[in-house]
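**Q** Each chain, written out:
Number of protein chains: 4
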Amino acid sequence: MSEKIRVGILGATGAVGQRFAQLLENHPWFAVTALSASERSAGKPYTEAVNWRLDTPIPSELAGMVVSACEPNLPCDVVFSGLDSSVAGPIEEQFATAGYAVISNSRNHRMDEDVPLLIPEVNPDHTAIIPHQRRRRGYGRGFIATNPNCSTVGLTMALKPLADRFGVRQVSVATMQALSGAGYPGVSSMDVLDNVLPYIKDEEEKMEREPLKLLGRCDGERFEPLVLTVSAQCNRVHVLDGHLECVSVKLEKKAEPEEVNDAFRTFSGLPQALGLPFAPARPIVLREEADRPQPRFDRDTEHGMAVVVGRVRPCRLLDFKFLALVHNTIRGAAGAAVLNAELLKAQGYIGA
Amino acid sequence: MSEKIRVGILGATGAVGQRFAQLLENHPWFAVTALSASERSAGKPYTEAVNWRLDTPIPSELAGMVVSACEPNLPCDVVFSGLDSSVAGPIEEQFATAGYAVISNSRNHRMDEDVPLLIPEVNPDHTAIIPHQRRRRGYGRGFIATNPNCSTVGLTMALKPLADRFGVRQVSVATMQALSGAGYPGVSSMDVLDNVLPYIKDEEEKMEREPLKLLGRCDGERFEPLVLTVSAQCNRVHVLDGHLECVSVKLEKKAEPEEVNDAFRTFSGLPQALGLPFAPARPIVLREEADRPQPRFDRDTEHGMAVVVGRVRPCRLLDFKFLALVHNTIRGAAGAAVLNAELLKAQGYIGA
Amino acid sequence: MSEKIRVGILGATGAVGQRFAQLLENHPWFAVTALSASERSAGKPYTEAVNWRLDTPIPSELAGMVVSACEPNLPCDVVFSGLDSSVAGPIEEQFATAGYAVISNSRNHRMDEDVPLLIPEVNPDHTAIIPHQRRRRGYGRGFIATNPNCSTVGLTMALKPLADRFGVRQVSVATMQALSGAGYPGVSSMDVLDNVLPYIKDEEEKMEREPLKLLGRCDGERFEPLVLTVSAQCNRVHVLDGHLECVSVKLEKKAEPEEVNDAFRTFSGLPQALGLPFAPARPIVLREEADRPQPRFDRDTEHGMAVVVGRVRPCRLLDFKFLALVHNTIRGAAGAAVLNAELLKAQGYIGA
Amino acid sequence: MSEKIRVGILGATGAVGQRFAQLLENHPWFAVTALSASERSAGKPYTEAVNWRLDTPIPSELAGMVVSACEPNLPCDVVFSGLDSSVAGPIEEQFATAGYAVISNSRNHRMDEDVPLLIPEVNPDHTAIIPHQRRRRGYGRGFIATNPNCSTVGLTMALKPLADRFGVRQVSVATMQALSGAGYPGVSSMDVLDNVLPYIKDEEEKMEREPLKLLGRCDGERFEPLVLTVSAQCNRVHVLDGHLECVSVKLEKKAEPEEVNDAFRTFSGLPQALGLPFAPARPIVLREEADRPQPRFDRDTEHGMAVVVGRVRPCRLLDFKFLALVHNTIRGAAGAAVLNAELLKAQGYIGA
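Residue numbers (the working numbering), protein chains in the order written: chain A, 332 to 683; chain B, 332 to 683; chain C, 332 to 683; chain D, 332 to 683.
Check the hints yourself; a few may be wrong.
You can't tell identical chains apart in this list, so a pair holds if it fits in one copy or across any two.
To be verified - Mimicking DSSO-like on lysine-lysine, the simulated pairs with C-alpha atoms at most 30 Å apart in a straight line are:
hint, residue 1, residue 2
1, Lys532, Lys375
2, Lys532, Lys581
3, Lys585, Lys537
4, Lys335, Lys375
Since the hints were made in silico from the structure, they are not lab data.
Go ahead and model the full structure; you've got the sequences and the hints to work with.
**A** As structure tokens, then:
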């Protein structure tokens with residue numbers, strides 16, 4: 332324990348914060364030594380401050396830990412931020428200024444011109460912007476790194492092998508997103524029972540913007556987004572966890588269906604090569620049944636860290652259609668951030 | 332009552348057959364005088380033969396009516412067919428041969444080269460093929476007319492005003508379809524609770540094919556389909572009634588968003604001009620809220636006979652995106668057939 | 332219209348308030364002339380102030396009506412109170428003091444020793460306490476009358492014919508209550524999806540207490556509760572509307588099953604005799620199928636104003652077991668209050 | 332592996348059969364060496380014969396195993412029966428006659444006068460009837476042992492510590508049972524969405540009968556049931572797994588609430604003493620929160636092998652009320668049978 336890197340959780344009582352607490356239990360590299368949340372929770376033991384909504388118990392070493400306010404005096408070196416976007420922006424900057432590595436799931440700094448937006452299997456080299464960020468912002472040892480929106484993760488991981496092998500020019504995507512994506516209490520049961528909510532604030536914009544940065548290039552001083560058009564339509568459906576996405580893509584190079592399947596099936600990235608603890612053995616799992624993936628049955632594939640792809644078939648309009656499923660609160664949020672932290676440790680940005 | 336046209340229901344105990352029974356209660360033009368179903372049900376009073384699943388009671392005048400076998404000796408002149416596609420093909424032909432007007436909701440004859448596939452607001456002139464059909468098949472007074480698949484109705488009605496005013500070239504559509512579309516017992520609760528089923532057998536093919544015939548032309552001897560590319564992705568979600576569709580369209584002529592809204596808002600067709608009993612006052616209802624239409628709140632608009640459109644906005648990939656909602660068992664099935672029968676009566680094909 | 336009694340709605344933007352607005356549209360005796368709600372809503376047209384959640388549109392004559400604050404200067408003579416219990420107590424007293432007839436759905440005054448707790452089919456004579464209440468509280472023309480908790484209504488209406496004919500000594504009841512009973516937004520979808528919530532604050536206490544007052548006697552000066560033991564266990568299930576209750580009863584007199592059925596089947600009360608507008612033709616509807624009542628199929632029986640009873644059978648422990656279903660927001664809340672107001676008008680307490 | 336006891340699964344493709352396959356993977360004492368099912372499945376590899384509906388993958392060692400017909404020539408010594416009750420009776424007898432130990436989840440032989448109905452924590456001594464059964468039926472080494480109905484397991488385990496310490500005289504129970512209890516495809520989604528089904532065929536009878544045998548005595552030649560009255564009301568709710576039961580009990584001896592809590596909290600049985608592999612550390616887990624147990628959050632307690640009890644409180648009618656939750660397909664079915672088999676091995680009835 333004494334040799335593990337000390338990490339804190341910002342927004343530890345929220346939906347993403349609870350996932351951080353759950354996923355970091357027994358992590359081989361990181362030990363949670365600080366929990367922070369709003370004024371209302373500060374000073375209480377975690378078990379009293381939190382309305383725990385996960386189906387595993389509160390990690391025993393955190394149950395009695397006293398929750399602090401979100402101020403940059405936490406006994407740790409890295410903070411995982413699950414803060415609400417209404418407050419995350421300045422708080423994350425304060426922590427970075429104070430020398431903390433800030434691994435954020437919040438949207439606020441994702442598109443900043445000097446902040447990496449990371450999926451370790453997609454653009455691990457974008458961390459090269461960090462020295463530039465530190466210089467530009469005067470952060471010292473601190474920095475901010477972010478992961479994308481939950482639906483963006485599913486889409487972009489599925490696009491990555493196609494972009495690498497065939498090039499991707501156009502994407503049309505319609506999502507059926509899970510309720511947990513709205514946080515807690517989130518969506519009223521009276522709104523979604525026997526219903527679909529065909530609007531999620533700002534979600535389509537994020538899905539149309541973030542993949543370009545993720546699939547683009549970084550030269551250490553700036554990002555060059557990929558030239559790619561994405562059109563998204565986002566819906567909330569009556570599912571607890573797991574965002575399912577109907578994707579159509581237009582490729583630069585002509586491809587046979589079997590080549591597309593093969594690109595999905597054989598995809599692997601740096602986290603797999605490095606053997607990072609949270610790296611799924613197969614970052615993309617291809618299902619060949621006619622009716623998969625399905626949220627309830629497939630969201631936990633590879634402990635929720637794989638994107639499950641299926642129904643790859645030609646599209647009359649673009650080139651190919653397929654489905655992609657991402658566990659929105661694991662691979663799409665807290666697990667994404669943990670894998671980012673592992674990558675950054677492996678690259679020497681934290682813990683060195 | 333004595334002057335009403337006598338109609339029968341084929342497949343009267345099934346999900347669509349029950350809707351026919353419900354919707355035809357107190358119809359001003361039609362009186363149900365015959366109910367037919369499979370051997371298993373024949374000879375029983377309707378109330379015993381049917382496992383009634385609608386939330387209004389069985390129409391009192393049908394409750395005691397004895398169910399017949401599906402043979403063309405029913406005491407009526409028109410039959411509404413809610414038969415399963417595994418048996419509908421030959422039975423419908425037998426009835427047409429015997430002189431019945433067959434108004435079918437089944438898929439079997441929809442794409443026949445001499446059978447009209449009708450939405451009265453979209454292509455009421457396609458009934459002109461009927462004399463040709465009668466001659467070609469030797470049907471005498473009988474004929475077959477069909478309505479489209481439930482999801483096609485929602486899509487095609489929404490496309491019609493755009494096709495008329497701007498021309499439509501390309502359509503991408505992803506659906507979230509209701510459970511009642513699978514009939515009864517249909518989808519197991521264990522399959523769909525906390526889940527989405529991303530595959531509906533043959534549904535995408537129907538959605539990619541039927542709109543072309545519907546939006547095409549008929550010269551009385553043949554159909555000329557519209558030159559249009561449709562790409563569909565169909566899903567089953569945890570909703571009782573109401574198919575919600577995410578649509579993107581590429582138009583032939585450039586249009587401003589307000590022109591598109593106006594096309595939806597002002598759309599009207601022949602059923603409205605004729606004042607047909609089942610014609611909705613507004614065949615398309617445009618919602619301007621950010622989060623509508625929603626299945627539970629909007630599916631019953633205009634007694635389930637309107638298609639509700641919303642979230643009209645530019646598309647980065649094609650030209651416009653929008654949502655369309657159709658009550659799948661009313662406007663998308665039984666109600667569609669009833670409106671077809673009303674059109675055919677108004678045009679003199681039945682009841683004259 | 333000019334001869335109708337002018338009524339206002341307190342808490343008009345809440346869940347119960349919306350039901351009042353819906354149910355009072357086109358009421359033959361009452362015209363809504365005032366809407367009031369919290370400071371936040373005051374001054375706005377109703378259509379802007381309300382997040383309308385019912386599946387019929389906002390009544391057109393109310394859509395543009397400006398919402399007032401809940402102060403006793405409303406242009407009406409009767410107020411229907413759907414106020415939250417955190418504020419209802421003193422506000423209702425202020426209105427009564429100012430001369431308004433207060434017809435309340437809130438819990439605050441239900442058990443007051445001089446306030447009638449009413450179900451018109453059960454204890455219409457309890458209104459005789461009103462003159463005493465007026466004198467005691469110095470209310471002048473004003474007064475407060477209340478209806479019971481939603482689950483109490485279903486239970487007590489089902490008990491009434493048994494109490495009348497056989498006497499009732501002991502009751503055990505376990506409920507499966509609908510989500511709408513918790514108001515809006517109420518229960519989070521993340522709490523109730525694939526789940527049951529086996530606790531509803533204060534609900535068991537209300538069910539164990541209110542039936543005794545309702546089934547007891549009133550001599551015009553005080554209430555004498557029935558000697559009756561009720562034990563309740565209350566649960567929230569994944570149903571939109573309709574509380575289903577599993578009831579066991581011990582009777583004073585031995586009864587045959589068919590006598591119990593007959594008591595339910597033939598039950599009728601003063602509202603039926605008076606032909607009150609909201610009185611269901613059959614206050615109790617007995618279903619004889621093995622598997623009814625069911626919330627989705629039976630809650631709207633008699634426009635939601637009947638209690639539907641079924642599965643009457645002997646109980647090994649007490650004497651009989653049966654199911655009772657009540658539409659919790661109609662018969663169990665807003666409709667209950669409207670019927671109370673109709674009774675009070677028929678008895679001359681309001682509108683004279 | 333070679334030293335493990337060879338077991339087969341009868342009805343291996345059904346809902347309970349799949350759970351057997353899942354739970355027996357890597358069992359320390361048992362190795363699945365035979366899978367059998369109906370004619371339709373016989374001859375196919377398991378992976379083709381089964382419509383696998385669990386959220387873990389098919390055990391790899393079973394995926395390719397060829398399914399046999401249900402005839403008593405399987406290469407194993409013990410069979411777990413998940414057969415449908417329409418066929419289980421004679422098939423199980425054939426296997427017992429042929430010398431197999433039949434560990435059955437089916438209802439057919441539960442109440443036979445020479446067949447043990449077992450919950451290892453409740454009545455492990457009832458296995459003493461087996462020699463008598465063998466003699467009486469001429470079974471040789473074979474025998475039949477059964478576990479109770481799923482809802483009975485939850486109820487009876489919760490009653491056991493009360494019966495031991497205080498005596499139990501009367502029980503009233505109302506259940507809210509999960510969909511998986513109806514098998515697959517089981518309940519139609521159209522029946523249960525936004526609904527409760529207040530009837531489960533034969534379920535109330537089983538709950539009123541089986542606990543008496545379970546809590547009674549066995550002298551090796553006959554069973555003497557406990558003198559106890561149980562009244563049950565059974566409902567199906569919109570939950571995937573986990574039967575929740577509202578229980579009221581009348582005790583023989585007066586008890587304080589804290590004594591009742593203590594009886595639950597400290598309960599342990601023979602499986603715990605023997606350290607059987609499937610024995611939960613705590614057969615009853617007492618929750619002290621106001622709103623627990625809840626199916627989704629608590630059904631997996633102790634890998635689904637514990638009964639979770641909560642809301643212990645006085646009852647106005649009997650003595651105490653509480654909730655009990657049982658994972659119906661684990662502790663209430665397949666897991667129950669596996670624990671029975673473990674007990675029987677420990678007692679020397681199998682594998683010796």
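**Q** Cα distance capped at 30 Å. Does Lys335 pair with Lys375 within a copy, between copies, both, or neither?
**A** within (25 Å within a copy, 51 Å between copies)
**Q** Are the CA atoms of Lys532 and Lys375 at most 30 Å apart within a copy, between copies, both, or neither?
**A** between (33 Å within a copy, 25 Å between copies)
**Q** Taking 30 Å as the upper bound on the Cα-Cα distance, should Lys532 and Lys581 be classified as within, between, both, or neither?
**A** Classified as both: same-chain Cα gap 27 Å, cross-chain 25 Å, threshold 30 Å.
**Q** At 30 Å max between alpha carbons, let me know whether Lys585 reaches Lys537 within a copy, between copies, both or neither.
**A** Classified as both: same-chain Cα gap 28 Å, cross-chain 27 Å, threshold 30 Å.
Of the hints listed earlier, there is not a single one the structure fails to meet.
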